[in-house]
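Enquirer: Could you put the whole structure together from the sequences, leaning on the hints where they help?
4 protein chains.
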Amino acid sequence: MNYGGKISGEMQKSIDACIESYSCCEQAIAHCLKQGGQYVDMMMMGPLMDCVDVARACADMIMRQSPQALEMSATCARVADMCAEACTTMNSDPVMKRCAGICRTCAEACRSLAGVRA
Amino acid sequence: MNYGGKISGEMQKSIDACIESYSCCEQAIAHCLKQGGQYVDMMMMGPLMDCVDVARACADMIMRQSPQALEMSATCARVADMCAEACTTMNSDPVMKRCAGICRTCAEACRSLAGVRA
Amino acid sequence: MNYGGKISGEMQKSIDACIESYSCCEQAIAHCLKQGGQYVDMMMMGPLMDCVDVARACADMIMRQSPQALEMSATCARVADMCAEACTTMNSDPVMKRCAGICRTCAEACRSLAGVRA
Amino acid sequence: MNYGGKISGEMQKSIDACIESYSCCEQAIAHCLKQGGQYVDMMMMGPLMDCVDVARACADMIMRQSPQALEMSATCARVADMCAEACTTMNSDPVMKRCAGICRTCAEACRSLAGVRA
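Residue numbers (the working numbering), protein chains in the order written: chain A, 104 to 221; chain B, 104 to 221; chain C, 104 to 221; chain D, 104 to 221.
Incorrect hints may appear among the rest.
Which copy is meant is left open, because identical chains are indistinguishable; a pair holds if it fits in one copy or across any two.
[Stated by the list, open to error] Below 25 Å or equal to it, Euclidean Cα-Cα: the simulated SDA-like pairs (lysine to any residue) are:
id, residue 1, residue 2
1, Lys109, Ser215
2, Lys116, Val198
3, Lys116, Gly218
4, Lys200, Glu174
5, Lys109, Asn194
6, Lys116, Gly140
7, Lys109, Arg214
8, Lys137, Met193
9, Lys116, Gln141
10, Lys200, Gly139
These are computed hints drawn from the structure, not numbers from a lab. If you're wondering where the values come from, they're calculated on a predicted model, not measured in any experiment.
Expert: Here's what the structure looks like:
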């Protein structure tokens, strides 16, 4: 990729998945803070915050077609997978379960774009 | 509002409108940078960047039910209106036209939540 | 203010104070998550997160001289004051005490720029 | 690294360098938009925006000691180097020259933390 090129369908899919992922993780963070207890454990909040930061940066970089967009996608896939795993441990809470699913989809789209294996 | 309360339907509507608005403005910024010329004029980029910053902060603050969420909504309504106006000057470009519409919707949702008149 | 004007000394002071405030609050959030317990209470994390969001948006808007920069400064002054108050409740922790002081300075700079009284 | 560990002196150095880098690039973006012309070319704005996004995410991830912080540091080193190079092409402008220097320092700190060669 290089700045200013055309956005392919596969790139747009990753952009959309990243945006959905970070806005969903942001809502999950607000939800966790309201719940307290194990919800605000670093092992839960850490992956959610990483996923917000990385998915947002990744979406922006693919939009701009940054030369570093693909390595960011590979990182984003790993971060979103970790976040999905953390959310899955609270599967009985529908907010967290939904967030796990969205992060999983984001990880798949980014992994496919980056061309790396799981 | 105060931290940790329940999110009403009207609040959720504003959250969704803000998220749609800032992700759409981010894509419009990338689009403008590709086009160059009048697209990268400060009178176009300024409102788009303001709208990204304010709509994102506003969405997060409503999610958390910050005591300052309503005054932020009032500011967001003004910023999104200004951004819609700027985008409308490039109405023949479908990316900018779509962005104008989404920002207008965001402005209405935030104004209604803040309880202020246009 | 209007986009593209010259940045005065008073504006630069607010920009610097906002940047110091949001980066300090971000470090405080990471610190709180490590500590757990009352540190991750919504009444502590909420003001810190608000302050990150608003101070960042405010700094960016003053840099650009957004027409909404002054109302954002007024909001930022209130948010930073609230954050300083929350941090002060943990005054025996040097990280939180330092953060309170930096947020207080940010509130003063923004209030002075916005031309509002405390 | 893993969430919640202690922040070493080397990590703190990278955190500080990333924060200085992204706040300096944000000011450079506002400056470029005011100048217009070649300043708003995608080859100038793209690296500046990438550097804001990546340096911010990187600083936050090191603060939290995210398991992905080191790979983010490696990416940040590359992005900050690219940004420094872009800024250097406008070396006669003191804002851009200063930004080049700060990004270079950030790249070095992140590269050293990530343990990779230039």
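Enquirer: It remains to establish, for every hint, whether it holds in the given structure.
Expert: Hints, verified against the model:
For the identical chains of this complex, Lys109 and Ser215 are intra-copy neighbours only, at 18 Å inside a copy versus 35 Å across copies, given an alpha-carbon limit of 25 Å. In the homo-oligomer, the alpha carbons of Lys116 and Val198 lie at most 25 Å apart both inside one protomer (23 Å) and across protomers (17 Å), since each shortest distance falls under that limit. When the C-alpha separation of Lys116 and Gly218 is checked against a cutoff of 25 Å, the pair qualifies only within one copy, where the shortest distance is 14 Å, while the shortest distance between copies is 33 Å. For the homomeric pair Lys200 and Glu174, neither the shortest alpha-carbon distance inside one copy (28 Å) nor that between copies (28 Å) is at most 25 Å.
Within a single copy, Lys109 and Asn194 get their C-alpha atoms only as close as 39 Å, which misses the 25 Å cut-off; across copies the closest is 21 Å, which meets it. Within a single copy, Lys116 and Gly140 get their C-alpha atoms no closer than 36 Å, and across copies no closer than 28 Å, so neither meets the 25 Å cut-off. Only within a single protomer do Lys109 and Arg214 lie at most 25 Å apart by alpha-carbon distance; the minimum there is 20 Å, versus 31 Å between protomers. For the identical chains of this complex, Lys137 and Met193 are neighbours both inside a copy (15 Å) and across copies (20 Å), given an alpha-carbon limit of 25 Å.
Taking the shortest alpha-carbon separations for Lys116 and Gln141, neither the intra-copy value of 33 Å nor the inter-copy value of 29 Å comes in at or below 25 Å. For the homomeric pair Lys200 and Gly139, the shortest alpha-carbon distances inside one copy (17 Å) and between copies (24 Å) are both at most 25 Å.
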